[in-house]
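Trainee: Quick note, the sequences are listed as chains A and B, same order.
Per this note's numbering, the first sequence starts with residue 1, numbered consecutively.
Per this note's numbering, the second sequence starts with residue 1, numbered consecutively.
No lab work stands behind these hints, which were simulated from the structure alone.
Any given hint could turn out to be false.
As the list claims (entries may be wrong) - Okay, derived cross-link-like pairs now, EDC-like style, lysine to aspartate or glutamate, Cα gap no bigger than 16 angstroms in a straight line:
{"#": "1", "chain 1": "A", "residue 1": "Lys245", "chain 2": "A", "residue 2": "Glu205"}
{"#": "2", "chain 1": "A", "residue 1": "Lys53", "chain 2": "A", "residue 2": "Glu11"}
{"#": "3", "chain 1": "A", "residue 1": "Lys245", "chain 2": "B", "residue 2": "Glu47"}
{"#": "4", "chain 1": "B", "residue 1": "Lys37", "chain 2": "A", "residue 2": "Asp396"}
Claimed, not checked - Just a few of them, taken from the derived set where beta-carbon distance is under 8 angstroms, the chain A residues facing chain B:
{"#": "5", "residue": "Ser150"}
{"#": "6", "residue": "Arg241"}
{"#": "7", "residue": "Met252"}
For every residue, glycine included, the Cβ atom is placed at its ideal position computed from N, Cα and C.
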Amino acid sequence: MRYSALKIFKEALTGHKGWKPVWRKAEPQSHYDYIIIGGGGHGLATAHYLASKFKQKRIAVLEKGWIGGGNVGRNTTIIRSNYMLNGNEAFYEFSLKLWEGLEQDVNYNAMVSQRGVLNLYHSDPQRDAYVRRGNSMKLHGADAVLLDQSGVRKLYPFLNFDNARFPILGGLLQPRGGTVRHDAVAWGYAHAADKHGVDIIENCEVIGFDIQNGVCSGVETSRGYIGARKIGVAVAGNSSRLMSKANMRLPMESHVLQAFVSEGLKPVLDGVVTYGAGHFYVSQSDKGGLVFGGDIDGYNSYAQRGNLPVVEDVCEGGMSIMPRIGKARLLRMWGGIMDMSMDGSPIIDKTHIEGLYFNGGWCYGGFKATPASGYSFAHLMATDTHHETASAYRMDRFSRGFMIDEKGQGAQPNLH
Amino acid sequence: MIINHPLLGPRDASEFVYHGDAHLMQRPNPKSETADKDFHDYMYLRENIAGEMRELWFHEQGDRSWLVITRNTLTHDITKVELARNIKREQIKEAQQ
């Protein structure tokens, strides 16, 4: 089934009886060329690019729950490529370019909206740091505009500019950044992968790896044994848990990150705004809810729910830059589990076990990376070489001393 | 989360700073032949347990003591709170015997 304006027109005339499921329910076969563990955004994107760009066949995605039930449905939907370091910026810019062509590529409306991401600055040194970051972005082909206070006032006159402690002096704007309907990303990739013949197998939990003499040739699942030539793991949040079944310890901790949605409001905020003096980011969804979030809770957790001190901290951040947010009532809040890596950057690499590939450690920046993560993971699995923009995300970079630490916090995951 | 401090009684978790797995108390021997690898593993690799885990918390906004807290990472339930210094003293005593 192909989605198009003509199809909508036809269906409208025929009582909407021709719509089919977005992907078929596949039964597991006994053997595949490729198994992707994890039916989230990254896993589905990997399967899609393996099939469509790298022309591979016999691919399965194994998902323990249902498609889109993990972090791809739990984030604050922001896309951007405003990183600074080599090893990161080219990758995220590649990702943003893939976002720009995503809907045509997967033939699914993911509501990609390049409404601009504005990072506020509150002091002269912070402005200088943003200038440096903006220059780094431009050198990598991304877009960045430095705004002074009057520039920010023109965009968002209601912000709290004259805060005594943290006045808003300006901001670094990435006009091509924005938001995407997160569930539709999972559904869109599932739709496109399915069309290329990928088996998407839900309710199929991997409980062990079949590893003999350093070669991985299959997985034990809750629906029986499935063999494969190459197996890729993309289960962010649960990476350590799954890889421990292959006797691997990873450079990461799992932490909970909370997100929030207010009641539906009339349009008040047409872009994404982030606070530079605290940790707070906010945008408005097309349904009208203000979608916002802040820091991780800061302790290891697999609970998918957080605690009140961080709720208070996030709300304080919101009140500090946007006092009118205090009039809105909170509608929903939830938590997602993040792989917090030791330098705040992800891993896309082969493991020491032949046939076993790993993708994880996305911290709380995984959503924006979805297309490039899938593309470069597919590149790695299909060709056994790293994609040029993802070649720094190596598993052994900690022992070699090639960390990619944007914040310079060191090996303390809850600070990234 | 409420942490039942052995000296101060129940305190809100927001008074504490989280450091991580309690294994971080066991610093490797720098004189060992395998010190390079041992320190890499100590510094960067984690068990990252889903379930009951022993972890280090620092009472920064309180008496500045280090605690070893046994907590379930699936439910956030805290079952045991000990002073890290007592545990370390026991370990040193055992090592000397």
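Trainee: Look at each hint and say if it fits the structure.
Mentor: Quick rundown of the hints versus the structure:
no., hint, verdict
1, A:Lys245 x A:Glu205, "13 angstroms, holds"
2, A:Lys53 x A:Glu11, "31 angstroms, violated"
3, A:Lys245 x B:Glu47, "12 angstroms, holds"
4, B:Lys37 x A:Asp396, "12 angstroms, holds"
5, Ser150, "38 angstroms, violated"
6, Arg241, "5 angstroms, holds"
7, Met252, "6 angstroms, holds"
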